[in-house]
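Next come the chains, spelled out residue by residue.
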Amino acid sequence: MALSSFVLNTHPFSFRVSTDIEQIVESVKLLYCDAVEWDSRISLPSYEIEIKHASLARKLFKPQSQFFCDQREPFLPMPIDKCLAMFEWGLNWVVSAHEFRHVILHSAVLAKGDKAVLFPAPPGSGKSTLTSWLSHNGWRLLSDEMALMTPNTTQVTPFVRPICLKNNAIALAKEWFPDGRFSHISPNTHKGDVIHLSPPQVSWHERFNTAEVVAIVYPQYSTGTFCDIYELTKAEAFSTLTANAFNYGVLGGTGFTTLTNLVEKCQTFEVKYNNLEELQSFLENDVL
Amino acid sequence: MPKKLGKYIEEGVIYHAFSDQSGVTFYSTVSNEVFVAAVSENNLHAAFHLKNEFTVDVSNVVSALVNQGFVKTEWH
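Protein chains in written order, with my numbering: chain A, 222 to 509; chain B, 2 to 77.
Incorrect hints may appear among the rest.
Stated by the list, open to error - Distance ranges between label pairs, derived from CB positions:
hint, chain 1, residue 1, chain 2, residue 2, range
1, B, Ile15, A, Trp397, 41 to 51 Å
2, B, Tyr16, A, Ser276, 30 to 40 Å
3, B, Asp21, A, Glu505, 17 to 27 Å
Unchecked claim - Sample of chain A residues facing chain B (criterion: CB under 8 Å; computed from the structure):
hint, residue
4, Ala456
5, Glu457
6, Phe459
7, Phe477
8, Thr481
9, Glu485
None of these hints come from the bench; they were simulated from the model.
Just so it is clear, CB atoms sit at the ideal spot from N, CA and C, and this is done for glycine as well.
Sequences are here, hints too, so could you generate the full structure?
See below:
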């Protein structure tokens, strides 16, 4: 296909994307709703992104896609059937590697009104499954991947993007949300099979509104545990939070004071669960 | 607070004692390194009293905390 160009206005960052891969264009139309500006000349983007087929030979034999940010190629090419996963993970990398106005935590963020809860967790903890559940059950999504904390405050800025679901969570989410806007599956990535789910419209519409973090909850999906809740000490919560901070070392003292301030002002819990409704009830009745 | 730890802190450490008395955490600006220790205040006292020779140096503070098994998270 001919080269397409559009702007993703994913507040607070925007990306001008150029691509010759039809699957990317179709997926972006499906997943990003009104955050896509098809006339790419009307706004000044934060980053220039290009995702395209590799060489002509590679178009014919084991096709691959290449990702570029501001004309640099940070990753090796990936097979074309994983191009959407590469695109989404590439955008995550662009922000986490270049953004220093915010303290960035590897965490999902969801809110009710202007009260937000952080869910920092490593891959495999069920964070995205929890995110998809809450965002389709009365909460608004601020981010599935990273919390953008304004330094020395508890204010978190939304960075709304599609939710990345993996392996067993894919079938669950399709059963829960039959009307959900799902991308195609990117098969056999290093994280397994991956699919992207667009959050509900309310999350997109509210993407310019910040929220105040009132709690930090470390979720861990556990097959045999209905819903066990532990209150963490501030020191335990801080130690775990720093392990989930992307740019904490670069921001130095500012990062340190932001995180200590955050831990002091928030309730902190660790939750092991296999029942999402029970966890949601705990969050709504005891945390907010 | 132990005298040598006090000197170290004066020369370039931001620290924070958590309000629930669950520990103390440090960020060093001396050598622009970052390390974090989450320890109880009593144990911290014990760690530095046991250390006879102590200079104002990040690595000494870190090794004192590591030797006593108090450092929960540390990276440079």
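Going through the hints against the structure:
1. B:Ile15 / A:Trp397: 41 to 51 Å: holds, 45 Å
2. B:Tyr16 / A:Ser276: 30 to 40 Å: Given about 55 Å between the Cβ atoms, the range is violated.
3. B:Asp21 / A:Glu505: 17 to 27 Å: holds, 25 Å
4. Ala456: Hint holds; A:Ala456 Cβ to chain B Cβ min 3 Å, cut 8 Å.
5. Glu457: Holds: closest Cβ of chain B sits about 7 Å from A:Glu457, inside 8 Å.
6. Phe459: Result: holds, 6 Å to nearest chain B Cβ.
7. Phe477: holds, 4 Å
8. Thr481: holds, 4 Å
9. Glu485: holds, 6 Å
Checked against the numbered hints given earlier, the structure breaks only hint 2 and satisfies all the rest.
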